[in-house]
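Enquirer: The listed protein sequences correspond, in order, to chains A, B and C. Residues in the first sequence are numbered consecutively from 1, following our numbering. Residues in the second sequence are numbered consecutively from 1, following our numbering. Residues in the third sequence are numbered consecutively from 1, following our numbering.
Treat the hints loosely; a few may be bogus.
Restraint-style ranges between C-beta atoms, simulated for each label pair [stated by the list, open to error]:
{"#": "1", "chain 1": "A", "residue 1": "Met1", "chain 2": "C", "residue 2": "Lys52", "range": "44 to 54 Å"}
{"#": "2", "chain 1": "C", "residue 1": "Tyr21", "chain 2": "B", "residue 2": "Lys349", "range": "46 to 56 Å"}
{"#": "3", "chain 1": "B", "residue 1": "Asn235", "chain 2": "A", "residue 2": "Met1", "range": "36 to 46 Å"}
{"#": "4", "chain 1": "B", "residue 1": "Met359", "chain 2": "A", "residue 2": "Asn12", "range": "37 to 47 Å"}
Taking beta-carbon pairs under 7 Å as the criterion, some of the chain C residues facing chain B (in silico) [to be verified]:
{"#": "5", "residue": "Met25"}
{"#": "6", "residue": "Leu27"}
{"#": "7", "residue": "Asp39"}
{"#": "8", "residue": "Thr42"}
{"#": "9", "residue": "Lys59"}
{"#": "10", "residue": "Lys177"}
{"#": "11", "residue": "Thr181"}
{"#": "12", "residue": "Arg188"}
{"#": "13", "residue": "Thr200"}
Please keep in mind that the hints were generated in silico from the structure rather than gathered at the bench. We treat Cβ as the ideally placed atom computed from N, Cα and C, and that holds for glycine.
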Amino acid sequence: MTQLEIEGKVFNVDGDGFLVNPQLWNEEIAALFAKHDGTGQLNEKHWAIINFIRNHWLENDMAPMVRKICQNTGLRLKEIYTLFPMGPAKGACKIAGLPKPDGCV
Amino acid sequence: MAGEKVIIMAKNNSLTEKQKKALKLLKSRLNGRLLTHLNSCVHCGLCGESCHYYLATKNKNFIPGKKVDIVSSIYQRYHTLAGKVAPRLYGAKDFNDKTVEELIDIVFGACSMCGRCSVHCSIGVDVPYIVRTARSMLVEMELVSPGLQSTVDAAINTGNNMGIPRDEFVDTLEWLSEDLEMEVEDEDASIPLDKKGVDILYTLNPREPKFFPLSISAIAKIYYAAKENWTLSTNVYDVTNYAYFSGDDKGAKELTERLCDEMSKLEAKTLVLAECGHGYRAIRWEGPNWIERPYPFKVISVVELIGDYIRSCRIKLDPSLNKLPVTLHDPCNMVRGGGVIEVQRFVIKNAVENFIEMMPNRANNFCCGGGGGQLAMSEYAERRIKSGKIKADQIRKTGAKIVATPCHNCIDQLMELNKEYQLGVEIKTIGELVADALVLEEKSN
Amino acid sequence: MTIFHWILLAGFVICLLSCLYHFFMALPAGKDIDYATPDAKTRQAVVYSFTKAMSPKKKETAFMHLPTYTAGIFYHLGTFLSLFLVIFIFFNVSFPTWLAYSIIVFLAFTSICGLSILIKRMTSSLLKNLSNPDDYFSNILVTGFQIITAIYLLLNTGLEYYFIITTILFLYLPIGKLRHTIYFFTARLHLGIFYGRRGTWPVKK
Numbered sequence: 001m002t003q004l005e006i007e008g009k010v011f012n013v014d015g016d017g018f019l020v021n022p023q024l025w026n027e028e029i030a031a032l033f034a035k036h037d038g039t040g041q042l043n044e045k046h047w048a049i050i051n052f053i054r055n056h057w058l059e060n061d062m063a064p065m066v067r068k069i070c071q072n073t074g075l076r077l078k079e080i081y082t083l084f085p086m087g088p089a090k091g092a093c094k095i096a097g098l099p100k101p102d103g104c105v
Numbered sequence: 001m002a003g004e005k006v007i008i009m010a011k012n013n014s015l016t017e018k019q020k021k022a023l024k025l026l027k028s029r030l031n032g033r034l035l036t037h038l039n040s041c042v043h044c045g046l047c048g049e050s051c052h053y054y055l056a057t058k059n060k061n062f063i064p065g066k067k068v069d070i071v072s073s074i075y076q077r078y079h080t081l082a083g084k085v086a087p088r089l090y091g092a093k094d095f096n097d098k099t100v101e102e103l104i105d106i107v108f109g110a111c112s113m114c115g116r117c118s119v120h121c122s123i124g125v126d127v128p129y130i131v132r133t134a135r136s137m138l139v140e141m142e143l144v145s146p147g148l149q150s151t152v153d154a155a156i157n158t159g160n161n162m163g164i165p166r167d168e169f170v171d172t173l174e175w176l177s178e179d180l181e182m183e184v185e186d187e188d189a190s191i192p193l194d195k196k197g198v199d200i201l202y203t204l205n206p207r208e209p210k211f212f213p214l215s216i217s218a219i220a221k222i223y224y225a226a227k228e229n230w231t232l233s234t235n236v237y238d239v240t241n242y243a244y245f246s247g248d249d250k251g252a253k254e255l256t257e258r259l260c261d262e263m264s265k266l267e268a269k270t271l272v273l274a275e276c277g278h279g280y281r282a283i284r285w286e287g288p289n290w291i292e293r294p295y296p297f298k299v300i301s302v303v304e305l306i307g308d309y310i311r312s313c314r315i316k317l318d319p320s321l322n323k324l325p326v327t328l329h330d331p332c333n334m335v336r337g338g339g340v341i342e343v344q345r346f347v348i349k350n351a352v353e354n355f356i357e358m359m360p361n362r363a364n365n366f367c368c369g370g371g372g373g374q375l376a377m378s379e380y381a382e383r384r385i386k387s388g389k390i391k392a393d394q395i396r397k398t399g400a401k402i403v404a405t406p407c408h409n410c411i412d413q414l415m416e417l418n419k420e421y422q423l424g425v426e427i428k429t430i431g432e433l434v435a436d437a438l439v440l441e442e443k444s445n
Numbered sequence: 001m002t003i004f005h006w007i008l009l010a011g012f013v014i015c016l017l018s019c020l021y022h023f024f025m026a027l028p029a030g031k032d033i034d035y036a037t038p039d040a041k042t043r044q045a046v047v048y049s050f051t052k053a054m055s056p057k058k059k060e061t062a063f064m065h066l067p068t069y070t071a072g073i074f075y076h077l078g079t080f081l082s083l084f085l086v087i088f089i090f091f092n093v094s095f096p097t098w099l100a101y102s103i104i105v106f107l108a109f110t111s112i113c114g115l116s117i118l119i120k121r122m123t124s125s126l127l128k129n130l131s132n133p134d135d136y137f138s139n140i141l142v143t144g145f146q147i148i149t150a151i152y153l154l155l156n157t158g159l160e161y162y163f164i165i166t167t168i169l170f171l172y173l174p175i176g177k178l179r180h181t182i183y184f185f186t187a188r189l190h191l192g193i194f195y196g197r198r199g200t201w202p203v204k205k
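All chains should be built: construct the whole structure from the sequences, respecting the hints.
Expert: Right under this line is the structure:
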């Protein structure tokens with residue numbers, strides 16, 4: 001377990017920077033994580049993605065397919081990569097407070 | 001003789017059941033090849049500079065010779081007379097909690113099994129082979145790194161390493177199929193699912209449908225241009241085999257058998273592997289040994305297939321469509337460990353205007369740092385990023401704006417290195433570069 | 001034949017038999033069948049493994065460490081020469097003076113190479129961390145063997161000491177790291193087969 005300090009606040013994260021206890025997540029944490037990983041100030045589109053990912057995880061215990069993110073937010077695929085330069089997994093899912101997905105991510 | 005037996009019994013009594021299982025596995029693997037590699041290191045210590053872990057950290061315990069030594073020292077202790085009689089003289093070590101802890105840290109946490117050290121070893125010790133054997137011992141002890149184990153479990157239990165439900169997979173592929181139809185403006189263009197009697201069964205890295213589907217679209221477009229008779233299976237499509245990384249031969253065998261079954265079910269002729277380094281090595285080279293028989297079908301990488309398309313003029317490329325300078329990262333398992341070395345260069349040179357080789361390259365290339373299952377092991381993430389500095393420096397020196405690599409695992413690591421070391425490059429698959437350079441035939445109506 | 005001749009002969013036979021045992025156990029056999037269809041011929045790769053792959057041009061452990069590599073090569077040449085000379089000394093064949101002196105000078109140089117490698121092992125923190133007593137002892141034994149060979153050729157006395165050291169070397173060879181006399185060859189063979197089948201060595205077109 002690693003400790004991540006952003007603007008004086010300390011979070012318990014795994015080696016990849018994902019929240020160790022995803023239940024602790026809130027919107028303030030999301031904003032701080034986004035600032036920290038270079039995503040920057042979160043706009044409406046960011047929040048639409050983050051909230052959808054978060055709710056999908058709460059309901060299904062897994063991150064949604066990027067296809068579903070597009071479908072539910074009305075955003076185009078390439079926009080998602082622009083909004084989250086670290087990609088849907090290490091970018092969006094991390095900011096949405098999900099645990100690290102398995103696989104090559 | 002009797003005296004020796006007593007010593008051994010006394011020693012074995014102090015072993016836990018799990019440790020005994022691990023030692024039993026080691027014994028069962030002792031063939032000529034393993035005996036050779038466990039016995040041949042001369043501790044010359046010249047291998048450090050060939051290893052990205054040592055180069056980036058200067059940690060004395062991370063030189064390949066030391067990694068071999070920890071496994072070899074256990075072997076010496078239980079399988080050689082010298083190690084049984086005078087362990088201290090030969091550096092033979094008891095297999096106990098402390099040794100196990102060291103073993104985990106080294107074989108999971110400090111080696112990506114890239115094999116670069118073996119090519120340069122004074123003797124020719126196959127280091128990744130020894131490291132994987134040690135990982136197999138830890139499988140017996142149920143001590144595989146949790147992230148790696150859960151990825152293997154997901155693949156075994158759900159059919160793909162990210163646990164994607166089948167209906168969501170199908171939904172994504174149908175969406176991509178519609179996109180393709182629009183892009184090439186041809187109603188007949190599609191991504192065929194579960195089609196029988198095809199020439200090619202294609203596979204995917206689950207991260208493609210889940211998060212990065214542009215690489216699927218790229219390959220589908222290439223297949224369309226080549227008028228290929230191909231399909232994707234909606235049941236067995238995962239090109240990865242994390243059991244290769246974890247050292248779990250039983251799991252690895254199960255995953256290989258599933259691909260074989262699907263090939264015969266769909267009566268496909270050739271299994272084409274997506275751009276995945278370890279997937280290529282695991283399926284092309286290791287799989288037949290896990291299932292203990294040769295495949296009745298051909299296995300090739302999609303990069304080799306694209307090479308064939310270009311050579312036989314089945315697709316036409318315009319390199320001027322890719323103007324930015326491109327460099328290539330050679331994935332260890334596909335290049336050094338897989339023998340796919342020249343074809344990706346041939347393909348890239350046909351697809352881009354300006355190709356710059358990274359130095360060193362081919363079988364001498366450095367690992368990106370994400371190999372060996374490192375991406376799945378969060379506990380070693382800091383070391384992974386640190387060890388990737390060697391790759392980041394290599395990339396920076398080329399001055400390229402695009403880094404192409406035929407491996408999704410490398411892509412993810414390279415994306416992180418891009419951010420961490422501020423390289424300002426774009427990371428792409430070979431398929432994406434080729435798709436961008438494709439010149440489609442004018443429709444004749 | 002003196003008693004020392006007999007002891008040396010016995011040591012040699014034991015050494016030879018143990019080495020043969022190690023060698024045959026380490027060869028590719030039954031359990032090593034590779035079911036994957038090869039991409040290239042392995043014969044070519046095995047030749048490559050023993051030749052070009054070993055050249056300083058190809059190997060970092062050579063070209064990045066030229067002084068150590070060169071010392072190592074000469075040290076090994078000195079060992080091979082000394083082993084070869086065992087036959088002549090055993091049968092009491094004498095050499096012309098110029099040849100004897102040439103050999104002495106060469107062995108003196110190769111012993112210095114051996115000693116320099118030993119000193120490196122004793123002083124480099126990286127090597128100390130990697131070494132066990134066997135590594136030091138093996139070097140001392142082999143360097144000692146070269147030195148005593150040179151001394152015997154120079155002074156023509158002390159045959160007993162020469163025979164004893166040589167016998168110890170023969171008996172110790174199959175036990176410690178000196179086993180690489182055998183395993184070096186099987187390692188190159190196995191690695192050659194591995195990279196050969198896959199078309200990595202030499203690179204398939």
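Enquirer: Determine for every hint whether it applies to the structure shown.
Expert: These are the hints, each one checked on the structure:
no.: 1; hint: A/Met1 with C/Lys52: 44 to 54 Å; in the structure: holds, 49 Å
no.: 2; hint: C/Tyr21 with B/Lys349: 46 to 56 Å; in the structure: holds, 52 Å
no.: 3; hint: B/Asn235 with A/Met1: 36 to 46 Å; in the structure: holds, 38 Å
no.: 4; hint: B/Met359 with A/Asn12: 37 to 47 Å; in the structure: holds, 41 Å
no.: 5; hint: Met25; in the structure: holds, 6 Å
no.: 6; hint: Leu27; in the structure: holds, 5 Å
no.: 7; hint: Asp39; in the structure: holds, 5 Å
no.: 8; hint: Thr42; in the structure: violated, 12 Å
no.: 9; hint: Lys59; in the structure: holds, 5 Å
no.: 10; hint: Lys177; in the structure: holds, 6 Å
no.: 11; hint: Thr181; in the structure: violated, 10 Å
no.: 12; hint: Arg188; in the structure: holds, 5 Å
no.: 13; hint: Thr200; in the structure: holds, 5 Å
Hints 8, 11 from the earlier list are contradicted by this structure; the remaining hints agree with it.
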